[in-house]
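Colleague: Residue-level listing of the chains:
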Amino acid sequence: MPIPKGPHLEFEQPVVELSMKIEDLLKNSEINAADVKDLLAKKDSLQKKIASKLSAWNRVELSRRSGRPYTLDYVQHLFTDFTELHGDRYFGDDPALVCGLARFNGQSVMVMGHQKGKDTKESIRRNFGMAHPEGYRKALRCMKMAEKFHLPVITLIDTMGAYPGIGAEERGQAEAIAKNIMEMSVLRVPILCIVIGEGASGGAIGIGIGDRLLMLENAWFGVISPESCSAILWGDSSKKMDLSETMKITAADLFELKIIDRIIREPLGGAHWDPEQMYRILKGVLTEELEALNKLQVDALVEKRLNKVTSIGQFAG
Amino acid sequence: MEWFRKAKSGIGTLIKRDTPVDLWVKCDGCKEILYRKELAANKYVCEHCGFHFRIGANDYVKLLMDEGTWQVMDTNLRSTDPLKFTAKKKYKDSLHDAEKNTGAHSGVVAGIGEIKGIKTSMAVMDFRFIGGSMGSVEGEKIARVLKRGLQMKIPSIVVAASGGARMQEGSLSLMQMGKTSAIIAQLHKAGLPYISVMTNPTTGGVTASFAMLGDINIAEPGALIGFAGERVIRETIRQNLPPGFQRAEFLLEKGMLDMIVPRKQLKDTLASVLSHFI
Ligand SMILES: [Zn+2]
Chain W
1 MPIPKGPHLE
11 FEQPVVELSM
21 KIEDLLKNSE
31 INAADVKDLL
41 AKKDSLQKKI
51 ASKLSAWNRV
61 ELSRRSGRPY
71 TLDYVQHLFT
81 DFTELHGDRY
91 FGDDPALVCG
101 LARFNGQSVM
111 VMGHQKGKDT
121 KESIRRNFGM
131 AHPEGYRKAL
141 RCMKMAEKFH
151 LPVITLIDTM
161 GAYPGIGAEE
171 RGQAEAIAKN
181 IMEMSVLRVP
191 ILCIVIGEGA
201 SGGAIGIGIG
211 DRLLMLENAW
221 FGVISPESCS
231 AILWGDSSKK
241 MDLSETMKIT
251 AADLFELKII
261 DRIIREPLGG
271 AHWDPEQMYR
281 ILKGVLTEEL
291 EALNKLQVDA
301 LVEKRLNKVT
311 SIGQFAG
Chain G
1 MEWFRKAKSG
11 IGTLIKRDTP
21 VDLWVKCDGC
31 KEILYRKELA
41 ANKYVCEHCG
51 FHFRIGANDY
61 VKLLMDEGTW
71 QVMDTNLRST
81 DPLKFTAKKK
91 YKDSLHDAEK
101 NTGAHSGVVA
111 GIGEIKGIKT
121 SMAVMDFRFI
131 GGSMGSVEGE
141 KIARVLKRGL
151 QMKIPSIVVA
161 ASGGARMQEG
171 SLSLMQMGKT
181 SAIIAQLHKA
191 GLPYISVMTN
201 PTTGGVTASF
211 AMLGDINIAE
221 PGALIGFAGE
231 RVIRETIRQN
241 LPPGFQRAEF
251 LLEKGMLDMI
261 VPRKQLKDTL
271 ASVLSHFI
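In the order they appear, the protein sequences are chains W and G.
Heads up: the first sequence at position 265 corresponds to 265 in the working numbering, and the numbers run straight through without jumps.
Heads up: the second sequence at position 225 corresponds to 225 in the working numbering, and the numbers run straight through without jumps.
The shape of chain G in the complex, shown without the other chains:
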């Protein structure tokens, strides 16, 4: 649920690409001013400090899938606001804004494509869509594409970017943890590879379900990954958190990840790992 804060703080937020005023971007890692064109050519990774800017779901599709192989699925699924949720903001309005900002009906892009010739099912979460939170649609799309992977007997990948459960869908959101994990149980039983890629941030119910269940768990450098939000932990234990807490490097040290892979090497790494399994 930390996405409220994270969204506001704008850590690594990618400024809208089509606005001409954003020719230059300040790096959140080293404060260096970067030329956007060069940054884009470098997959939105700072050439000075290696800071990974946040990118959208379709950017990952482009990054990972061989050109012309991607077949997108279930683009028409959308949330029905089942709780008629209204708090500070109406859920309907949040959905509307998110659709406008991303041009998509949900925070997940899912489909089948090829990674260096290896047919793979993949779901990618988009943090720009209500903090990448997991609602019914997001859970359903991930479950469906993994199921497709199961039927086609091909490897599956989920690229996570999420503040966790979507509060506006209450326990329907919570139960998506069960839905996605149940399909992954079947992938494991069927002997099919499932790789989890965690990007900044991956927290809450997403970490506590499909993101931590990979045969291989991979993270991008510096990504915030955890179960509880920093604020909640700080308020509970009433002490400061150690430096680097809940960052990818911390998780690698604690044994939760197989590896940290810079964005530019992600495709090669995925292809290499998958080649051992198929």
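For reference, chain W alone in the conformation it holds in the complex:
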């Protein structure tokens, strides 16, 4: 297993060092895999130990870790015949949210998701995965197309939020998100939503209302990022770690609150340690989930979704 490229997170440093040591030893032609068996076992148990102690903030860090698969990585490895579709037909195309036709296990689907960049240049082009109204309107256009041609919709959520800018406000960021949420609640095809990294606020649920909401083990989902919440309350990001716990943004917390339907396991150390394994795991889960949704008759599907969406909330009286 290649060691993921840096910058490494502080808590993964010991594993990185041990992995490098193993790698160095293996470079020596006189040493074979059997000789480093103990070290590999040690690495494994170290990684398990770290995984068991991850704080909510650590998971936020993992969700943003460079090398973590993004939407187009999953599209490339889980789907075939991907054809990207561009433009909202009103104003422009938004590279921060990609949409396209593809096949999943041979079945035609509409797949879409927020897309971050892998280097500075691409990050800027993709606006760090923060979509403008055009992105949400393109997504809706593609969802309506999916409805017309009876294709299931799969959305991959990975955003720090919908972009907060002048143009975005002028062109109706709020209206675009609102319309998506409303239309997704009654779209007459299956919708499967997966939080693969960051799932912040309206920007996330703008493509996040569906029959099932799944979440990767180290993703986070919530109304605001811990840093922003800290900034609002204390004027700086100093309380982000505590707030990550308080705000209940991890997959485990959200499963308990019945916000998400399923937690998807990641490879040891996180998706970036073994992307290939991550693709296999997600493909398995999506296969199961889509098979179940495909079986439902469309009226029953929509009714079930409406019940699910309208029953979230906790109160007394």
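Hint data in this document are derived by calculation from the structure and do not stem from the laboratory.
Don't take every hint at face value.
DSS-like mimics (lysine-lysine), calculated; alpha carbons at most 30 Å apart, straight line [stated by the list, open to error]:
1. W/K144 to G/K189
2. W/K121 to W/K240
3. W/K240 to G/K62
4. G/K31 to G/K62
5. W/K258 to G/K90
6. W/K304 to G/K147
7. W/K144 to G/K147
8. G/K100 to G/K116
9. W/K37 to W/K48
Assemble chain G with the ligand onto chain W, guided by the hints.
Modeller: Chain G with the ligand alone, transformed into the frame defined by chain W:
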């Protein structure tokens, strides 16, 4: 989430009405000193500059509904503090303070009444209740009253005043966007009118759900309406915002609103619009 700031800055905040010391009020629009009695008679709109002071949820009920027709719903719903949220202040304490200040258990007043004889379901948000933020109870009350409108086949109105999602309820708050919008989808399918009235301020997840989904979107003059908060935008783009940015007049110009209606004409306008639909 901008309500923290807004609440502090006190733009258009209505000083408690029953305190005798507040006989006079300074207008946040033109700085003129106004006699409270006259201001109240003028629906809390400054007679000099037209500034709309913020009013409570029940004030809107009184303003819009025919006398004696209002039947309030779900007044007993209250938040359970599902996250056991404690940050700078305990959510429980915020709730307690808000209940004391407003005499209500939540930031939404909902019910059925008549607007010039037209039976209508209506929810009104109250900014004084934790910045009008949308928690589970607020979302539920709006959803329930809209559903009632759906069952009774009558028009629905939501009067928004909100800083957006309620951080103290985390993603439960976020999901109220889905809950309310899903019912509005059904109103549209059933051919029933839904009118959104946006007052100062309407921001965040509230704007990005039911507030922008009206057949008709109406705003009060000068109301702050937007998705992202001013501070967040300024920090993101690192430049100053154009004058009038995110005000009702700006949104009208950008095509997001059907009209801006001064408070005194709101009831007549709603009745007139609804008369075309029923
Ligand atoms: Zn004035």
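Colleague: Failing hints, ascending?
Modeller: 3, 8
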